[in-house]
Structure formats: structure tokens, C-alpha cells
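Enquirer: For the record, the sequence lines run as chains V and S. For this note's numbering, add 3 to where a residue sits in the first sequence, where the first one is 1. For this note's numbering, add 449 to where a residue sits in the second sequence, where the first one is 1.
Incorrect hints may appear among the rest.
[Claimed, not checked] Computed footprint of chain S on chain V, listed as stretches where at least three residues anywhere in the stretch have a Cβ under 8 Å from a Cβ of chain S:
id: 1; stretch: 59 to 71
id: 2; stretch: 86 to 94
id: 3; stretch: 102 to 113
[Stated by the list, open to error] Distance ranges between label pairs, derived from CB positions:
id: 4; chain 1: V; residue 1: 95; chain 2: S; residue 2: 457; range: 23 to 31 Å
id: 5; chain 1: V; residue 1: 307; chain 2: S; residue 2: 745; range: 36 to 44 Å
id: 6; chain 1: V; residue 1: 176; chain 2: S; residue 2: 457; range: 29 to 37 Å
id: 7; chain 1: V; residue 1: 128; chain 2: S; residue 2: 743; range: 51 to 59 Å
Hints in this document: simulated from the structure, not taken from any laboratory. Note that the structure is a prediction, hence the values are computed from the model and not measured. Every residue, glycine too, gets a C-beta built ideally from N, C-alpha and C.
Residues per chain, in single letters:
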Amino acid sequence: MTRSKQPQPAAMEVRSLVKRYGNLLAVDRLSLQIHHGEIFGLLGPNGAGKTTTIRMMCGLLRPTSGEVFIRGMSLRASRGTQVRSRVGICPQENILWSKLTCLEQLVFSARMYGITSVLARRRADALLCSMGLETKRNSLASTLSGGMKRRMNVIMAVMHDPEILVFDEPEAGLDPQSRVLVREFIRELSIKKCVIITTHNMDEADRMADRVAIMDQGRLLQQDTPENLKRSIGEGDILVLRLSIPGSGRLERAMQKLSKGGFSPSCENDCLTIRGMELIPRIHEIYRLLEMEHIRITEMKMRVNTLEDVFIHLTGKSLRT
Amino acid sequence: MRWWVVFIKGIREQVRDYWILVMIVVMAPLFITIYYLMEETGPSEYHILLVNNDRGAISGSGMVQLGDSLVNYGTILSGRSVPSLLYKSSGSRDMAIEELRNGSADAVVVIPENFTAAVLSHATAQPEQAMLEMIGDVTRLGYMIGAVWTEELISGYVNSLAEIVSPVVWKETTLGHSGQRSDFELFVPGLLVLSIIMIIFSASAAIVREPENRTLERLKISRLTASEFLMGTSLVQLIVATLSFALALLTAVALGYRLIPGTLGFLILVSFLTSLSMISFSLIVAAMCRSIKEVAIIGTFPLFLLMFFTGAAFPLDGGKLFEIGGYQVMLNDILSPKFAVEALNKVLVRGQEVRETLPELAGLILLTLLYFLAGTWAFRRRHMRAL
Chain V
4 MTRSKQPQPA
14 AMEVRSLVKR
24 YGNLLAVDRL
34 SLQIHHGEIF
44 GLLGPNGAGK
54 TTTIRMMCGL
64 LRPTSGEVFI
74 RGMSLRASRG
84 TQVRSRVGIC
94 PQENILWSKL
104 TCLEQLVFSA
114 RMYGITSVLA
124 RRRADALLCS
134 MGLETKRNSL
144 ASTLSGGMKR
154 RMNVIMAVMH
164 DPEILVFDEP
174 EAGLDPQSRV
184 LVREFIRELS
194 IKKCVIITTH
204 NMDEADRMAD
214 RVAIMDQGRL
224 LQQDTPENLK
234 RSIGEGDILV
244 LRLSIPGSGR
254 LERAMQKLSK
264 GGFSPSCEND
274 CLTIRGMELI
284 PRIHEIYRLL
294 EMEHIRITEM
304 KMRVNTLEDV
314 FIHLTGKSLR
324 T
Chain S
450 MRWWVVFIKG
460 IREQVRDYWI
470 LVMIVVMAPL
480 FITIYYLMEE
490 TGPSEYHILL
500 VNNDRGAISG
510 SGMVQLGDSL
520 VNYGTILSGR
530 SVPSLLYKSS
540 GSRDMAIEEL
550 RNGSADAVVV
560 IPENFTAAVL
570 SHATAQPEQA
580 MLEMIGDVTR
590 LGYMIGAVWT
600 EELISGYVNS
610 LAEIVSPVVW
620 KETTLGHSGQ
630 RSDFELFVPG
640 LLVLSIIMII
650 FSASAAIVRE
660 PENRTLERLK
670 ISRLTASEFL
680 MGTSLVQLIV
690 ATLSFALALL
700 TAVALGYRLI
710 PGTLGFLILV
720 SFLTSLSMIS
730 FSLIVAAMCR
740 SIKEVAIIGT
750 FPLFLLMFFT
760 GAAFPLDGGK
770 LFEIGGYQVM
780 LNDILSPKFA
790 VEALNKVLVR
800 GQEVRETLPE
810 LAGLILLTLL
820 YFLAGTWAFR
830 RRHMRAL
């Protein structure tokens with residue numbers, strides 16, 4: 004007897020999601036599939052539609068059109084809290100009951116999902132320890148510092164042990180020690196769960212996310228692994244030179260010579276960026292070409308492509324209004 | 450039992466946010482104390498001054514002074530009538546007017562010089578008339594009541610002196626317990642209802658606090674239903690209302706309010722129904738507001754209506770709209786505390802049976818249901834709407 008193996012539905016899938024506020028199109032036909040055991044990063048400038056998207060993913064906001072599926076079940080069709088409770092959200096702002104202690108609100112939150120009091124207390128104690136908040140167990144949330152509130156906000160999302168976790172800017176407002184703690188915590192969660200994070204911090208996304216989607220003006224621009232995304236805008240090294248240029252026309256001539264020499268130069272103000280494979284052995288060649296035009300190098304940096312380069316490449320440098 | 454967990458959380462928050470709780474609970478006893486200080490205590494007393502200018506007159510048996518006799522009659526009657534009229538002799542018209550001005554007397558009666566002569570002349574061929582002067586401030590309730598009753602007493606006495614048999618006599622029958630109640634006590638039923646109306650702020654604030662702090666978002670994605678949330682939150686406010694009512698009643702009793710034996714159960718029933726009604730009304734207020742600040746601003750308007758247009762703060766004619774089957778539909782019939790005040794007045798003031806308050810209790814229940822349905826619908830639509 005042969006058994007055909009059914010493909011597992013994505014932990015979360017959004018299909019042609021649209022959210023419109025009057026004339027403003029906040030999310031424009033967004034489709035994503037996020038799988039169990041992965042950390043999915045949602046990047047985009049301010050106003051790109053990230054928060055609107057995750058609010059729709061969690062069932063906090065009704066989409067204008069399109070569907071959200073959790074393990075193949077439509078959030079809209081089910082209308083059920085059962086499906087919705089498979090998602091845990093850590094919002095960008097710290098959302099805590101200020102007049103409840105840390106323990107009380109964790110237990111209260113868990114009990115809203117039908118978890119018994121005993122289990123909720125046990126889980127709350129473990130989570131408070133994991134976030135270094137065990138001494139604040141009986142302190143009112145209003146008395147916690149900003150960083151502590153942020154850490155509480157993170158563990159509130161996981162109290163009911165959801166399959167899908169959504170973290171909106173999880174590292175915002177944290178000191179370096181807390182950032183490491185939260186990062187490790189999320190990474191550990193991703194082993195067994197589907198984790199979605201939104202962030203402005205490209206470093207954070209690069210370090211944590213298995214896949215990244217870049218949004219702008221409500222649209223999905225690109226999604227792939229961070230490595231593939233970085234590769235998509237050019238491989239090799241990036242040499243960034245700050246220059247002292249003695250006269251007009253010299254830089255343009257130097258750039259022509261560099262292009263003829265097989266480099267990809269670009270310039271902004273007094274900053275020259277050169278892309279190319281294996282740049283380190285060829286630095287002296289670049290130095291010589293610039294010296295021929297009496298251009299002096301005042302600062303030199305060598306790096307590889309980052310997600311920020313991809314982000315700027317896709318979304319541009321202009322500020323969003 | 451998620452509503453129970455919400456209830457426990459609500460109790461904790463309410464106790465820890467004790468300033469709001471204290472202010473709500475203390476407000477009603479404060480109102481009762483203010484009314485107590487405004488009104489006189491004990492059955493109402495009216496101070497009447499008698500200025501006797503009567504010179505007397507010679508009759509067959511010698512010199513007769515009927516003016517003195519009238520003053521003595523008044524002194525003997527003092528405090529024995531309902532309402533209580535206290536008569537006192539005053540040396541002169543000017544001295545009596547001075548006492549009127551400083552508020553220590555309500556009315557002054559000046560007995561003229563020819564008082565005895567006029568009374569004695571009644572049976573003669575040329576009867577004389579004596580002009581009794583009544584002096585007082587017509588803007589004062591004390592003057593009006595004192596003057597009416599004094600005129601009645603003096604007329605009766607003079608008739609008996611002149612041996613005139615009046616074809617009519619007056620008998621006053623006070624409705625229920627109203628005759629034995631002080632002015633302050635007459636206000637107490639309304640003020641007890643007012644103590645419950647006060648919870649509109651705390652109930653609306655307790656509900657609005659969740660969307661304002663965005664903690665409602667956590668609840669919206671949990672398995673908690675809107676009904677469970679509202680039930681748990683309302684139960685906390687029911688306790689606040691009960692506390693407020695109990696404190697108001699205790700304050701009233703401490704200040705001399707006499708509770709009629711056997712009416713405590715009825716009082717508790719009316720307070721319970723009114724509390725449910727005001728909590729339901731708070732849902733409507735909460736649905737209109739996004740923050741506690743908005744509750745403080747927007748909530749003032751319905752609070753004002755409920756305080757002053759239901760008879761809670763003072764008796765008020767509701768303004769007749771139309772009549773159906775003999776029942777006058779009033780403008781304030783849409784405000785449930787009106788029925789609570791009316792029910793309490795029927796039993797505690799007019800001495801009616803509890804069963805006679807069934808129309809008021811039915812009105813109270815019906816409006817509570819309407820408020821609840823409108824409030825939950827509006828709250829769900831405004832704050833709990835998601836997928």
C-alpha cells in the first residue's frame with residue numbers, strides 16, 4: 004500500500020492582501036508564505052505597511068481584500084478565536100497592564116487562552132527567569148524600566164505557547180545586553196515555531212532572519228534569503244574611499260580610468276565607492292589611478308554588501324513623507 | 450470562567466487605582482452631607498413672632514385683653530401641630546422685622562390695637578374689623594408655609610372667641626410617611642440613586658482603559674469574547690456601585706435618616722437594578738470614548754442629565770410628551786434612574802406597597818436591557834471589531 008505524502012501547509016500564508024484607508028493604499032496585493040521553523044524578516048522604511056501587514060496577520064485588522072491563512076485555515080472564514088490564538092504578537096509599543104505585577108499579567112494573559120492557573124504560573128516563572136526578570140516577579144509593570152518593559156512585552160507574546168510569533172521591532176529600545184538576550188530567545192523559539200520579525204535594523208535582520216521580504220509603499224519588492232538578496236545587487240568587495248579632490252574634472256577623469264580598469268565606481272560628494280571582485284590585491288592600482296589626478300585618499304574602508312545596501316538599492320535614499 | 454479571571458484582574462486594578470475608587474465612593478456620602486447641611490434636620494419647624502399691640506376693651510365682666518389670650522394660645526400650641534409652628538412673643542414690630550431679616554423667624558403677625566374691640570363688636574349692630582398684619586419674605590418657603598398655617602390657626606381661634614361657627618373645618622392627612630419626614634429625609638431616596646449614577650465615570654473608565662492602553666488588542670486575539678470581557682468588568686463595577694450605595698445609606702442613617710422597617714430588601718433590589726442599568730449605560734459612554742480623558746469630558750453630559758432630569762438630585766417634572774392609555778409619557782422616561790427614584794419615593798416616602806412599584810421596576814428593567822444591548826453592540830463595533 005502506498006501513501007501519498009501530503010505537503011504541509013505553510014505556517015502562515017497571506018494571499019493578495021490589500022488594506023486601503025480611503026485613498027491611501029497601505030498594503031497592495033501582498034502575498035507571502037512563511038514556514039514552520041524559520042525566522043522571516045519583514046523590512047521596509049517607515050510607512051511601508053509592515054505594521055499594517057502584521058496586524059492583519061494576527062487578526063487585529065480586517066483586510067480590504069485578500070486572505071490570511073494559518074496552517075491552511077482562513078482567519079477570516081474561521082472567525083474563530085481558536086485559529087487566532089495560534090499567533091502570539093509582540094507589538095512595537097510595550098502593551099502591559101500597568102497596575103498588574105509581572106507575574107499577574109503573564110498568568111492573566113495565559114488564562115485568556117484557556118491555560119490552567121498552575122501551568123500558567125509555572126510557565127510565567129520560567130519565562131521571567133529566561134528574560135532576567137525573576138526579581139521583578141511581584142513588581143507592578145508601571146515600576147519597570149523601559150528595557151524591562153520591553154522584555155516583558157516579548158515574553159507576553161509567548162505565554163500561551165503559540166505556533167506563530169510576530170515580533171514588531173523586538174530589539175527597539177534595548178541595551179546591548181538585553182538585545183543579545185532577546186535575540187537568543189527568539190532564535191531558540193524559531194527551532195520549534197514560525198517567527199516573523201519586522202525591523203529597521205538591517206544588522207538584526209541579517210543576523211537573525213532565514214528569509215527576508217522588503218516592502219515599500221505597501222508592495223513587496225523582493226523576498227529571499229539575506230545571502231541571495233545581497234548577491235542580487237552585486238558580488239565581491241566594496242571599497243569606500245573619502246577623497247581630497249584638488250580641482251574640478253579630476254574626479255570624473257579618475258572614474259573613467261577606474262571603469263576602464265574593470266572597476267565599478269560610483270561617487271557621492273567626496274566619497275568614492277568601488278565595487279569589484281578581489282579588491283584587496285588591486286588597492287595599489289586604484290591608489291595609482293587616483294594619484295595620477297592628484298586626488299588624495301583621506302579615509303579608506305573595505306566591506307562586503309549588506310542588507311542595508313539591498314534595502315537602499317530597492318527603496319532608494321529619499322525620506323518617506 | 451474567563452470572565453472570572455477578568456473580574457479578579459479588574460478588582461486588582463480597581464483597588465490599586467484607589468484614587469478613582471475613593472473619589473467615586475466618597476462622592477455620594479459627600480452629597481448627602483451637603484444636602485443635610487442645606488436642609489433643616491428633624492421635622493420642619495417654622496418660627497412665628499407675635500407682636501401684640503392690642504389695647505384691650507371693656508366688656509360686661511371688665512377689661513378684656515384678647516391679644517394676650519391669642520399670644521398665650523400660640524405659645525401653648527407651639528410644636529404641637531404638623532408642620533411644627535413655634536410661636537413667640539416679640540416686643541415691637543421693628544424688633545420682629547429685625548429677627549425676620551437675620552433669619553431667626555419665618556413670619557411676623559402684628560396684632561392691632563383694636564383687636565379685642567373688633568372681636569367683641571362682632572355681636573353688636575356695628576361690628577368693627579381688626580387688621581392683623583402678616584409680615585415675611587415671600588421668597589422663603591418657611592414664610593409661605595408658616596403664614597398659611599398661622600392664618601388658619603388664628604382664624605379658628607378668633608372664630609371661637611367671637612362664637613362664630615365656621616361652616617367648614619380643615620383636616621390635613623399627610624401622604625405615607627411624608628408628614629413625619631424632615632426635608633432632608635425626603636431627598637434621601639433620590640440621593641441613594643445618585644450614589645449609583647456616580648459610577649458612570651468609574652465603569653466607563655474601567656472599560657475604556659483597555660483600548661486606551663491598547664491592552665484590549667491582547668485580549669482581542671485571545672479566546673476571550675466581548676461578552677466575557679464585559680461581564681467580568683461589569684461585575685467589578687457592581688461591587689463599586691454597591692459600596693457607594695452602602696456608604697451613602699450609612700451616611701444618611703448616621704445623619705438622621707429613619708429607615709422604614711422591612712424596606713431594606715426593596716432598597717437592595719432597586720440599588721441592584723439601578724447599578725446594572727448604570728453599568729449598561731456606561732457601555733454606551735465607553736463606546737463613544739477612546740480615552741479616560743474623553744470619558745471625563747463626554748461622560749459629564751449624560752451624568753448631568755441623569756443627575757438633574759431623573760429626580761435624583763431634586764424633584765423635577767419630566768416634561769410631558771404624550772399620553773398612551775392614561776400613562777403620561779415624559780421626556781425623562783428614557784432615563785432609567787427616574788424609575789428607581791420614583792419606586793423608592795413610593796415606598797419610602799408615600800408608604801405604598803412594594804407591589805405598587807411594579808410599573809417602575811418594569812421600566813427600570815426594560816431600559817437596562819435597552820442600554821445593555823445598545824452598549825454591547827456599540828462597544829463591539831467601536832473597540833472589539835477585528836476580523
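Enquirer: If a hint holds in the structure, say so; if it doesn't, say that too.
Expert: Status of each hint after checking the structure:
no. : hint                      : in the structure
1   : 59 to 71                  : holds (count 5)
2   : 86 to 94                  : holds (count 5)
3   : 102 to 113                : holds (count 5)
4   : V:95 x S:457: 23 to 31 Å  : holds (29 Å)
5   : V:307 x S:745: 36 to 44 Å : violated (58 Å)
6   : V:176 x S:457: 29 to 37 Å : holds (31 Å)
7   : V:128 x S:743: 51 to 59 Å : violated (38 Å)
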